[in-house]
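Engineer: Order-wise, the sequence lines are chains A and B.
3 is the number of the first residue of the first sequence in the numbering used here; add one for each residue after it.
3 is the number of the first residue of the second sequence in the numbering used here; add one for each residue after it.
Hints in this document: simulated from the structure, not taken from any laboratory.
Accuracy of the hints is not assured; some may be wrong.
Copies of the same chain look alike in the list, so a pair counts if it works inside one copy or between any two.
[Claimed, not checked] Mimicking DSBU-like on lysine-lysine, the simulated pairs with C-alpha atoms at most 35 angstroms apart in a straight line are: (1) Lys76 to Lys105; (2) Lys128 to Lys76; (3) Lys64 to Lys76.
Number of protein chains: 2
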Amino acid sequence: MASTSEDELIETIVGFFRETDGLFSATSRPLGLTPQQAQMLCFTQHLQPSFGELAGLLHCDKTNITGLVDRLEKRGLVIRQPDAQDRRMTRVHLTPEGEELTKRFQHAFNSALTSRLRDWTAADRKDLLRLLRSATTALRG
Amino acid sequence: MASTSEDELIETIVGFFRETDGLFSATSRPLGLTPQQAQMLCFTQHLQPSFGELAGLLHCDKTNITGLVDRLEKRGLVIRQPDAQDRRMTRVHLTPEGEELTKRFQHAFNSALTSRLRDWTAADRKDLLRLLRSATTALRG
DNA sequence: TATGGATAGTCGAGATCATGGACTAATTTG
DNA sequence: CAAATTAGTCCATGATCTCGACTATCCATA
Numbered sequence: 003m004a005s006t007s008e009d010e011l012i013e014t015i016v017g018f019f020r021e022t023d024g025l026f027s028a029t030s031r032p033l034g035l036t037p038q039q040a041q042m043l044c045f046t047q048h049l050q051p052s053f054g055e056l057a058g059l060l061h062c063d064k065t066n067i068t069g070l071v072d073r074l075e076k077r078g079l080v081i082r083q084p085d086a087q088d089r090r091m092t093r094v095h096l097t098p099e100g101e102e103l104t105k106r107f108q109h110a111f112n113s114a115l116t117s118r119l120r121d122w123t124a125a126d127r128k129d130l131l132r133l134l135r136s137a138t139t140a141l142r143g
Numbered sequence: 003m004a005s006t007s008e009d010e011l012i013e014t015i016v017g018f019f020r021e022t023d024g025l026f027s028a029t030s031r032p033l034g035l036t037p038q039q040a041q042m043l044c045f046t047q048h049l050q051p052s053f054g055e056l057a058g059l060l061h062c063d064k065t066n067i068t069g070l071v072d073r074l075e076k077r078g079l080v081i082r083q084p085d086a087q088d089r090r091m092t093r094v095h096l097t098p099e100g101e102e103l104t105k106r107f108q109h110a111f112n113s114a115l116t117s118r119l120r121d122w123t124a125a126d127r128k129d130l131l132r133l134l135r136s137a138t139t140a141l142r143g
């Protein structure tokens, strides 16, 4: 396996990672959210994840999730909801306010992103989406 | 852009970002480094950045860099070096120990990544590299 | 059915990360 | 030379993150 092109791929991935992180910060902080909070809200939008599932998605210890959810719940953006099947579990749901703020974040992030990618062809955007999705499952597995 | 594909693009980017971050954590912590420390060492390897340049590269406030460098310097991985041209500036250099640890980190990250992408075709790798590189400069500008 | 063993979430301690405001020293500008 | 800028530091405050210990609940199996 050619080591130079592998190095190149990694350097590019790291660079993309840093820029994405910067865009997350710049987008979330004006809305009063930390980047971690914004990411958590995005994950909570379509699933109603348990604490353990959130820990897996965010790649952090489960003890970290407690405080994260505490702060979001105190602001009325999410609520804890007991799981009907397993009474050990608690699921996290967005409140209407949380839903609204999440959409605001996504819209702001998206417009920042599209303005920066405005010169891209539709085909390149489609390819990027496909490859990122594929890379994500590859990294996850 | 349609709102459903908006969500999809953002969720994919968030997912990829989280997986990259997870790989960073899993690689750096066994070496006794936080992800932020590992990234700073990588940036310090080829340039000798000033504090302000590091703040720009890492997308954080300059006041944050002071403590970050303090902790790395206390461990003997970097040293502060005054800039000859401008006596306000301090440049960060890797020590030999820092150089060695940085290379260990990069090797570990590299092998973790390549093992996860081993099933990818050469064409997909090439496309991902091209699109990520292009996206990175687009986000940076 | 009883009893371990595994799992889900919480709590506390301690370190790191991150921001904003105020400060000093050095440089640049007018 | 005076004023404005820039680079780094310090302080206070809050958020993130890990680790170990703990309780409650579920599950497997004898």
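Engineer: Compare the structure with each hint and give your call.
Structural biologist: Against the structure, the hints come out as follows:
no., hint, in the structure
1, Lys76 to Lys105, "within (19 angstroms within a copy, 44 angstroms between copies)"
2, Lys128 to Lys76, "neither (39 angstroms within a copy, 46 angstroms between copies)"
3, Lys64 to Lys76, "both (19 angstroms within a copy, 31 angstroms between copies)"
Going down the numbered hints, you'll see the structure goes against just number 2.
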